[in-house]
Amino acid sequence: MMDKVKKEHIVFGIIRLLSYASVFFLALLVGYIFIKGFKVISFRFLTDVPRNGITAGGIYPAILGTFYLVLVSFIFAVPLGVLSGIYIAEYTSDNTFARFLRLSVNMLSGIPSVVFGLFGLAIFVNKFCFGVSILSGGLTLGILILPTIIQATIEALKSVPYSFREASLGLGATKWQTIKHIVLPVGMPGILTGVILSVGRAAGETAPILFTAATFYTGRLPHSIFNEVMALPYLIYGLLTEGTFPDKQIPIAYGASTVLLLFVFALSFVAIVIRVKSRRMKKW
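Just so you know, the sequence shown maps onto residues 9 to 292 in our numbering.
Just so you know, not all the hints are guaranteed correct.
Under the rule of at most 27 Å between Cα atoms (straight-line distance), these lysine-lysine pairs were calculated in the DSSO-like manner [to be verified]: (1) 285 - 44; (2) 183 - 47; (3) 183 - 166; (4) 166 - 285; (5) 188 - 285; (6) 166 - 188.
Simulated restraints, written as ranges between beta carbons of each label pair [as the list claims (entries may be wrong)]: (7) 139 - 253: 53 to 59 Å; (8) 100 - 61: 51 to 57 Å; (9) 50 - 105: 53 to 59 Å; (10) 44 - 103: 51 to 57 Å; (11) 175 - 130: 48 to 54 Å; (12) 102 - 39: 44 to 50 Å.
Simulated from the structure, these hints should not be mistaken for lab results.
Backbone N, C-alpha and C fix where the C-beta goes; we use that ideal spot for every residue, glycine too.
Construct the complete structure from the given sequences, taking the supplied hints into account.
Here it is, written out as structure tokens:
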């Protein structure tokens, strides 16, 4: 018995040590980027356009382009993902077809993002003739985050006690009325958490927009969804791999990385707040 207790303490000690090490290296990485990035961040850096071959000026077009891409992906993916999740969770029984749907969603979640980029290039850019544009990139990012939103919706709806459905149906409500007025409001915090984390992932992806939406440098702001745009992930990639003036461009890359990290952290913080509130709401 004592040997088992000692082994258990050793195993948990190793797990705890690995957890601390992971947090330490994450904090070290983020801290290093913040220290480098905050040296160049200013109001002008955030609101000015790039100048002199991206060796001076700001990153405002990249911030705006990232926002537009995320907005298009959000508008496309959220309604389709939530409705698909509702259908799979509430309207399909445990049969071969339902298991095939769930397996397909899980497989889509594991596909590398560069494959989605090639799909967007073949379908949206070439087949639908949208060109390299905000629309092509936003739709590609929407397909990328669609499986995550579907899975989040399914898990959120499954967490709602079945007794809630039985009570509503017993009072004479239809299945859709039960889902709309009972199941969805209770599961909405979990759905919103998944949606927000998905949007954060879309904001940080480089490979999909590399083929479908982003350009390394443009002096014009987009005025249509059919324009190509600068975006923070691709700007960072370009400055670090293709920049011809590293002494001036690498600090700009660190500043852009800091802005992108702050955006993703802000979305994650909102998701955490929603999750905490949802736990309080579930104390029925």
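Taking the hints in turn, this is what the structure says about them:
1. 285 - 44: It is violated: about 35 Å lies between the C-alpha atoms, which goes past 27 Å.
2. 183 - 47: At roughly 57 Å apart (the allowed maximum being 27 Å), residue 47 and residue 183 break the hint.
3. 183 - 166: holds, 15 Å
4. 166 - 285: holds, 18 Å
5. 188 - 285: Holds, because 20 Å separates the two Cα atoms, which is no more than 27 Å.
6. 166 - 188: It holds: about 15 Å lies between the C-alpha atoms, which stays within 27 Å.
7. 139 - 253: 53 to 59 Å: violated, 30 Å
8. 100 - 61: 51 to 57 Å: Cβ of residue 100 to Cβ of residue 61: about 55 Å, so the range 51 to 57 Å holds.
9. 50 - 105: 53 to 59 Å: holds, 56 Å
10. 44 - 103: 51 to 57 Å: holds, 54 Å
11. 175 - 130: 48 to 54 Å: holds, 49 Å
12. 102 - 39: 44 to 50 Å: With a Cβ separation near 48 Å, residue 102 and residue 39 satisfy 44 to 50 Å, so the hint holds.
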